[in-house]
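Asks: Sequence:
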Amino acid sequence: MIFFHAAFDMKLLGVLDFEPYGWPLIIFVRIVQFLFLGLAGISVALSSRKLGGQMKRGAWIFLCGMLVSLGTWIVFPEDFVKFGVLHFIGIAVPVVALFKGRSLAAMGAAVISFMVGEYFLGFSVETEWLFPLGLLAPGFSSLDYFPIFPWLAAPLIGLVLGEYVYGARRPVLERIPGFRLFLGSPLARVGRHSLAIYLLHQPILYFSLWGLLVLLR
Numbered sequence: 001m002i003f004f005h006a007a008f009d010m011k012l013l014g015v016l017d018f019e020p021y022g023w024p025l026i027i028f029v030r031i032v033q034f035l036f037l038g039l040a041g042i043s044v045a046l047s048s049r050k051l052g053g054q055m056k057r058g059a060w061i062f063l064c065g066m067l068v069s070l071g072t073w074i075v076f077p078e079d080f081v082k083f084g085v086l087h088f089i090g091i092a093v094p095v096v097a098l099f100k101g102r103s104l105a106a107m108g109a110a111v112i113s114f115m116v117g118e119y120f121l122g123f124s125v126e127t128e129w130l131f132p133l134g135l136l137a138p139g140f141s142s143l144d145y146f147p148i149f150p151w152l153a154a155p156l157i158g159l160v161l162g163e164y165v166y167g168a169r170r171p172v173l174e175r176i177p178g179f180r181l182f183l184g185s186p187l188a189r190v191g192r193h194s195l196a197i198y199l200l201h202q203p204i205l206y207f208s209l210w211g212l213l214v215l216l217r
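What the sequence shown shows, in the numbering used here, is residues 1 to 217, in sequence order.
Rather than coming from a laboratory, the hints here were simulated on the basis of the structure.
Quick list of the computed label-pair ranges, beta carbon to beta carbon:
no., residue 1, residue 2, range
1, V29, I112, 20 to 30 Å
2, M115, R217, 41 to 51 Å
3, V75, Q33, 14 to 24 Å
4, I27, R217, 28 to 38 Å
5, W73, S47, 27 to 37 Å
6, M115, V29, 18 to 28 Å
7, R217, V165, 42 to 52 Å
List of simulated lysine to aspartate or glutamate pairs, EDC-like, C-alpha gap at most 20 Å:
no., residue 1, residue 2
8, K82, D9
9, K11, E78
10, K11, D79
11, K82, E126
12, K82, E128
Positions of the beta carbon are idealized from the N, C-alpha and C atoms, including for glycine.
Build out the structure end to end from the sequences listed, making use of the hints.
Replies: If you want it as structure tokens, here you go:
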């Protein structure tokens, strides 16, 4: 995702001329997005927090999303982030937590979420306030956009996978020789700081590229 954001920033700054959501790049983009949101579901599966704790965690992530909205509104007032990935995860975390220990219900909800999202694609509404659900008014624009439908399917599937892989007395991945030493510990450290990494990498990338372009001109 960091590499994609770097390329996206170079497009915004006029360095690259490409369509990030065009064919066939869209396939890679969607896979990365699905995996990223699936990790949010896995984190819920691994968390020992009760629903109240997950609601607080979701509220904090949503607040970070609002800060992203404010920052992008200052730089890109016409296309600022209205309901981006952090807004989505902030809502999704407590919702997905409701399905802990209910794998069949979670998979059913994932299928319904995807189907509703696909159904909404053909709709255009007059009100401008239903965009979090995936219902868009004409002229809607946002640099980052992850509506609840169909994207709720990704963390729900992540929850199911997380409970399956890590739910056993001895997690499946830890049965692989050397996993904890070479992958488990480094991934755990990255996971603990994933929100800070996500919040900081984009402004650092954008302003570093902008500064480099200023120096080269």
